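Engineer: Here's the letter readout for the chains.
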Amino acid sequence: MPRVVALYNIKGGVGKTSAAVNLAWLAAESGARTLLWDLDPQGAASYVLRIKPKVKGGARKLVAGRSDPAAALKGTDHELLDLLPADFSYRNMDLELGEVKRPTKGLARVLAPIAPDYEYVFLDCPPAISLASESIFVAADVLLVPLIPSPLSLRTFDQLRAFVADEVPKPPAILAFFSMADGRKRLHREVIEQTTAAHGGVLKASIPAASDVERMALHRRVLAQTAPRSRAALAYEALWEELRRRS
Amino acid sequence: MLSSGVANGKDLIGPPLPSGQRVLVVLLFSPTEAPALPLTGRYPSTDRFTRGCWETVRVSAQRLQLLLAEGMTAAAAADALVAELPIVSQRSTTIERTFWDTFDGRVRGAGLALVGTGGRLALADATSLEECAGEIDDRAASQLLATDLPAGALRDALAPIVEMRAVMPVVRVKSRALPLDVLDELGKIVVRLRVEEPTAVAVDGTDAAVAVRARLHVIGVLGYDRELAGLLKLLERRLAHGVPAAPVQDDAVRAVGGKPGGASSKLKLTLDAQERADSAAVKILRRLAKVIQLNLPGTLEDVDSEFLHDLRVAVRRTRALQRELRGVFAPEPLRAFRDGFRELQRVTGPTRDLDVQLLEFDDLVAGLPDDADRDVEPLRRLLQDHLHVERRKMVRALRAKPARALLDNWSAFLDLLEASDESLRPDAARPVGDIAGARIAKVHGRMVKMGTAIDDDTPAEALHELRKQGKELRYLLEFFQSLYPAAVVKPMVASLKGLQDVLGCFQDREVQAALLRSLGDEVATLDGGAAALIAMGLLVARLGEEQELARTQFAESFAAFAAKSQRRLVEQTFGCRG
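Top to bottom, those sequences are chains F and Y.
Going by this note's numbering, the first residue of the first sequence is number 1, and it counts up by one from there.
Going by this note's numbering, the first residue of the second sequence is number 1, and it counts up by one from there.
Among the hints, a few may not be true.
[Unchecked claim] Taking beta-carbon pairs under 7 Å as the criterion, some of the chain Y residues facing chain F (in silico):
id : residue
1  : LEU186
2  : LYS188
3  : ILE189
4  : VAL221
5  : LEU222
6  : GLY223
Hints were generated in silico from the structure; no laboratory data involved.
Quick caveat, the model's predicted, so the values are computed rather than measured.
Even glycine gets a Cβ: it sits at the ideal position worked out from N, Cα and C.
All chains should be modelled from the sequences, with the hints used to inform the complete structure.
Structural biologist: Have a look at this one:
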């Protein structure tokens with residue numbers, strides 16, 4: 001069975017999608033057959049990969065087991081990376097999960113028939129803490145949490161760990177990394193330095209706040225395609241290597 | 001013909017895929033000739049709904065190969081496509097693959113290819129070249145037995161296919177691949193094309209290189225079937241010249257003058273019942289002479305034990321036909337040739353016996369109690385030493401003038417036989433069907449008579465003699481099977497085989513036990529000889545038990561062979577009372 005890695009944070013705009021598409025691409029580049037599920041109704045990951053955010057039957061049929069997730073899969077520009085695209089109906093994911101038995105296992109059930117084809121599955125999660133989030137916690141082997149280097153982010157991360165430990169029967173491993181890190185800001189430097197030293201769950205690789213990352217949405221290509229030797233691209237490579245070792 | 005199959009692993013044409021992945025490969029493939037297009041239409045569906053849940057099997061990529069016009073280059077194909085489609089061409093790559101197979105093409109026969117490329121040896125699907133098992137290969141070997149490979153997936157997959165046969169390079173194919181990506185309106189890849197320009201390079205030391213017709217690989221992208229169908233329609237109109245009848249390595253083998261699928265030692269002859277007996281005899285004997293010649297180099301070079309085996313079978317069949325159709329030959333030259341082939345059989349016998357002993361050694365010692373299987377190792381080494389000595393004697397004899405002259409003279413003799421004086425060849429002009437039927441019925445009848453006379457007290461020699469007659473009948477049926485309905489010959493061969501297996505086991509165990517006994521004195525003088533002798537005692541006892549068991553099975557297998565219905569069938573088909 002594959003390793004299921006969920007890019008998750010309760011907050012939006014912290015670099016989940018950028019990390020999801022770049023890490024999934026790097027996984028494929030390493031020779032592993034990889035699936036990315038764009039769970040965010042905004043469909044940013046699908047957009048970057050130039051794939052229409054459309055799943056026939058939407059969230060309702062998918063969650064109810066009345067449509068085939070394999071039929072919705074799209075191959076990307078990397079031969080080993082497939083995408084289960086976003087759909088605007090994912091905004092109702094909580095409602096649809098509420099309609100089925102054992103809703104927290106709902107997303108794992110969708111993945112079950114297609115996952116064995118892959119070595120890695122990445123979930124690009126919407127920002128929220130909800131029934132859908134709990135279903136993500138159940139489906140994932142690893143929760144990978146992008147953190148803005150600030151004291152409040154760390155507090156939220158600790159809260160998430162406590163919640164998952166208390167509420168999820170078989171909790172996934174929880175790892176975090178710093179995202180959108182600005183080396184010019186003293187606070188960022190201090191938080192990163194102190195936290196990575198003291199916190200075992202925080203990975204050493206951090207992703208810089210870089211215009212190359214923002215330009216991904218403009219070019220609709222991942223960093224490995226547009227700026228493979230850039231600082232940000234190298235940071236994602238380091239993150240991927242660390243994640244692979246740790247998970 | 002539209003066919004599909006599941007393969008694993010790494011695509012040897014395109015970028016590497018990880019081993020162990022599962023993909024359903026869809027291929028358009030005709031085993032005989034390139035069928036007319038269309039290439040479009042309905043493709044195998046991914047939608048399989050079973051008991052309310054979706055199966056995990058899915059199509060990950062649809063792959064087709066198309067032939068380009070004779071002489072068309074990759075650049076010309078790319079230009080033609082770029083003019084019609086939004087295409088991005090990538091940098092071309094060159095891949096050099098060496099295809100390996102056994103002399104008789106067992107790998108290809110199993111629908112597979114053994115491919116060496118970039119320091120990796122892999123077993124792959126013959127057409128898609130998708131890997132199912134592979135390993136790093138840094139050997140510079142020119143031939144390999146499955147046992148030469150380290151334990152692992154490749155050896156496990158290859159061993160049951162090639163058995164005791166060695167694999168050798170068959171052809172090298174140097175392919176220039178030009179990747180062309182077809183884009184949609186968003187600039188996303190929706191179909192991948194690879195133009196392959198193969199060049200076949202001979203592995204006979206000449207390194208002769210011959211261009212092979214270019215192919216276009218069409219690789220669908222998951223979820224973009226409509227785009228693929230549209231593209232195929234365009235290719236059908238503009239570029240494609242049918243689907244390849246065979247994988248690229250077959251074209252390459254042909255291009256350098258080889259025969260795809262390897263050399264066969266089978267007879268595979270079609271005779272006419274009315275044709276002259278001497279003409280039919282020449283057809284069969286020429287084929288057998290060819291088999292002997294084919295297997296001689298591999299026998300001399302000791303590529304694998306099967307060369308000698310096939311050579312000996314062809315010699316034995318030759319001798320059987322010389323006996324059974326003796327009336328088509330003049331007595332005097334026949335006598336000389338019979339002596340010559342008997343000698344050929346004799347000089348190759350000890351080597352084959354030792355080959356068999358060593359091939360069966362592991363099975364023979366398996367299940368010996370405690371450490372006896374280890375104790376018996378000095379015996380294996382002794383058998384290997386003896387084999388080495390006997391092989392040298394055999395090679396010397398086969399290279400010597402009499403053996404070479406025998407084969408040359410025999411071929412020349414066959415060339416002239418039909419035109420030679422018929423006064424001393426009473427059966428020469430008789431219809432072969434008459435003689436064949438009479439001989440089969442005669443030998444069958446003789447076997448029934450001999451077998452019926454065998455009871456528990458009959459000496460072993462009678463069973464050995466019956467086995468000899470069984471071999472004779474088997475060869476007669478093989479020579480002349482095309483003259484008779486398969487519905488008669490096949491069950492007859494099956495019941496004969498059942499009987500021969502029992503008789504073979506009975507005799508072989510006796511021969512094996514005798515050989516072990518004969519080696520006792522020698523084994524005793526070796527390091528660990530005492531323990532080996534004890535273990536050999538156990539082996540001899542076991543061989544004796546197996547021989548006894550075979551004897552108890554004789555009555556049943558003979559009853560099946562000599563059943564009344566079978567005898568009636570022989571009488572009806574071959575014209576005489578069996």
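Engineer: Does each hint hold? Answer for all of them.
Structural biologist: Here's how the hints hold up against the structure:
With 7 Å as the threshold, the beta carbon of LEU186/Y comes within range of chain F, its nearest partner Cβ sitting at about 4 Å, so the hint holds. The closest approach between the C-beta of LYS188/Y and any C-beta of chain F is roughly 4 Å, which is under the 7 Å cut-off, so the hint is satisfied. The beta carbon of ILE189/Y comes within 5 Å of a beta carbon in chain F, closer than 7 Å, and the hint placing it at the interface holds. Taking 7 Å as the C-beta cut-off, the interface hint given for VAL221/Y holds, the closest approach to chain F being about 4 Å.
At a threshold of 7 Å, the smallest CB-CB gap from LEU222/Y to chain F is about 4 Å, leaving the interface hint in force. Given the 7 Å rule on beta carbons, the hint for GLY223/Y holds: about 4 Å separates it from the nearest Cβ of chain F.
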